[in-house]
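Here the protein sequences come in this chain order: A and B. Residues 1 to 320 in the working numbering are what the first sequence spells out, letter by letter. Residues 1001 to 1400 in the working numbering are what the second sequence spells out, letter by letter.
Note that these hints are calculated values from the structure, not bench results. Here the structure is a predicted model, which means the values were calculated and not measured. Please note: incorrect hints may appear among the correct ones.
Beyond 12 Å from chain B on every Cβ pair, some chain A residues (computed) [unchecked claim]: (1) 30; (2) 266; (3) 296.
Per label pair, the in silico range of CB-to-CB distance [what the hints assert, rightly or not]: (4) 1384(B) <-> 187(A): 48 to 56 Å; (5) 81(A) <-> 1337(B): 27 to 35 Å; (6) 1239(B) <-> 73(A): 28 to 36 Å; (7) 235(A) <-> 1239(B): 25 to 33 Å; (8) 10(A) <-> 1239(B): 33 to 41 Å; (9) 139(A) <-> 1314(B): 51 to 59 Å; (10) 1384(B) <-> 225(A): 38 to 46 Å.
All C-beta atoms in this analysis are idealised placements derived from N, C-alpha and C, irrespective of residue type, glycine included.
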Amino acid sequence: MSHTQTAPSQDVVRVTGLVKRYRELVALDHLDLSVRKGEIFGLLGPNGSGKTTAINCILQLLSYDRGTIELFGEPMAPGRYDLKARMGVVPQQVAVFDELTVRENVDSFCALYVRDRRRRRQLVDEAIDFVGLGDYARFRPGKLSGGLARRLNIACGIAHRPELIFFDEPTVAVDPQSRANILDGICRLRDEGATVVYTSHYMEEVEQICGRIMICDRGRAVAQGTADELKRMISLGEKITAEVGELPEGTLERLRGLSHVLSVELSDGTLLVTCEPSPHNLTDVLGALAGSGVSLGRVMCEPPTLNDVFLELCGRELRD
Amino acid sequence: MSIFRTALRVAAAHPVYLTVYVVFLSLLGVLVIGDLGTGAAAAASGPAFEARVAVVDRDGSELSGALVSWAKKNAEVVTVDDEPLALQDSVATGAVDCLVVLPAGFEEDLIADARAGRDPAPLEVAYGTDVQAGALAATATSRWVSLAAQAAALEPDATASEVAELALAVADERVDMSVDSTGTEDATGSGLAVYLRFSTYSVMSSIVVVAGVTLAAYQRPEIRRRNAAAPVAPARLASGELGACCVLVVCVWAWTCLVGVVACRGSLTGVDPLLVGLALLSMLPFALVPLAIAFLLAQLGLSEQALNAVGNIGAMVLSFLGGAWVPLALLPAGVQAAARLSPSFWASSAVEAALGANGVTPALLAEVSTSVGIVALFAVAICAAGLAVGRARRRVAGAA
């Protein structure tokens, strides 16, 4: 990746007190956001939480009511084409011309950033190779599978080698193999020096690739940090699942009486115990079961997932 | 690949539209003008008229005999038995184009009526399958009967034989006439005018559809978002798109003109080339009107199918109002008044003024400029509407 110097201490993206209103609806409510150079920053949130609005404001595709946006340490504005030239966008929907071939599509979008034809030819070749579409360069998008079309979408967004790339749910409706390929590609971009802002509904992939994560809801930043930091923010510690035989009377009450145990459920011979964070949860639960004379089958102990964090912070009610 | 070249590629990716709307429809225009284009219509004399005529003479008089002998000289006379079935068969099977029955007392009645100042009784006539030939033969026969009646009236003492001779003599008289070929027949360029009037349809539909599809490709929300995020000023983006569409407009116009000039070369021999050039040039601003319409439709976010439908139906209506299908003079006054509100009317007016003139004069230039200016105003107004629609749609999309 080609880079213009950004001071090491500076954030590549710094959003402060961003407010965006649609009449009475507050889409962004004093949102603060900072993305560090060279990281993959995950932006999580339920539908309507303001993720896409925030990105659109950063890209200057939307005006906003209040707040400041700085990119590469400089204030962003609609006419700051010098800053726009350092960014790339991979939209949620495949945004390519159906009438052009794979190569022509990548070339046409790359041409918006790079005028030199020879340099562009090289960049287009590299982008097509990067997403593994070399064999499909002469194909039109209509002939590509969903996964290949997504890869073309990515190639069009990264061909000009941006320093900052916004990925807006790039793995929606993609098979597991293509998803793994896309995620590998994003990690490679980071490894080559790019900074990535990544939005997704898939918690496991955010956890897999993002260094820091922000969870936003109703236009506000609810929580921000690494995946481990976020997990520590919630009351849930571990989930202990055990296959059990007959439970003597009073066993469930004994388990519920243990310190750090949040809930105990029994269903079809499977016992589910959720606990607060504590280093001795598993030994405490197994000890209580052994003390009651319960015969055990398989026992599993799972730490909390990002999904648990998300549901606890954003609630379980359905969104639009 | 620049924005301009990308837009051209998008347009060129629809070869079917280009073939059907540009090539096929312009060639259809050549068929529409037919012989007008080559000048053959004016020079053509057509085959000599000759009908198969049967004269059933029930009078057996000198006058009826004279009519039969005249008919033998001027038509192919077929003998038919004077029986009902034979008479019916002769016309039903097409063996006879015109069956004339001269009733008994024909001579006596005709002379008496003429000398009494009455019109001769109409002939009993039946036509075969070729009604046109039969009607022409019947008209000629009636003319001979009228001549005989006039002869009887003008010569009260003439016998039937003398009346017949007079009628035969007058009927054979012809005014000497010859056609001098100067090689400038139909030098009014009417073939090209008709072709260009029809071309308002092909130009309108082709540009609306192909330019509309091209511009609509850039209006897809995600592509617009991607382009808006790029370091390219909106004006540069729009100029690239519209520049490509302008190339399309010029190509369609040039093709239309080329086909028209080649098809009508025969009728343009004596026409001032400057006038032809002026007529063709006046079609160029008209080609900007469908581009403006395509821009408006793209801003409205119409699908490819909708663009085809609007392009076709709209082009038909506008070309109709320009007189492409039916001469405006034959249409009701209300339609003629409404036609003035269509750009095709003014484009056709400019073409007709140019091709109907004897030479390029300031008055002609003023007339053509006025019509062309009105056409250009239509394009500007529609384009302004497109800009307003686009801005309103983006505002709504931003609020969603």
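Checked hints:
No beta-carbon of chain B is positioned within 12 Å of the beta-carbon of residue 30(A); the least distance is around 20 Å. With a least CB separation of 47 Å from chain B, residue 266(A) remains clear of the 12 Å interface cut-off, as annotated. With a closest Cβ-Cβ approach of about 54 Å to chain B, residue 296(A) is found to remain outside the 12 Å limit, as its non-interface label requires. The beta-carbon spacing between residue 1384(B) and residue 187(A), approximately 50 Å, falls within the hinted interval of 48 to 56 Å.
In this structure the supplied range 27 to 35 Å is violated for residue 81(A) paired with residue 1337(B), their Cβ-Cβ distance being about 52 Å. Remark: the range hint 28 to 36 Å for residue 1239(B) to residue 73(A) is upheld by a beta-carbon distance near 33 Å. Evaluation of the 25 to 33 Å hint for residue 235(A) and residue 1239(B) yields a failure: the beta carbon distance comes to about 59 Å. Here the CB-CB span from residue 10(A) to residue 1239(B) is close to 36 Å, well matched to the stated 33 to 41 Å.
Evaluation of the 51 to 59 Å hint for residue 139(A) and residue 1314(B) yields a failure: the beta carbon distance comes to about 35 Å. Taking 38 to 46 Å as the suggested C-beta distance range, the pair residue 1384(B) and residue 225(A) does not conform, at roughly 52 Å.
In this structure, the hints that do not hold are numbers 5, 7, 9, 10, in rising order.
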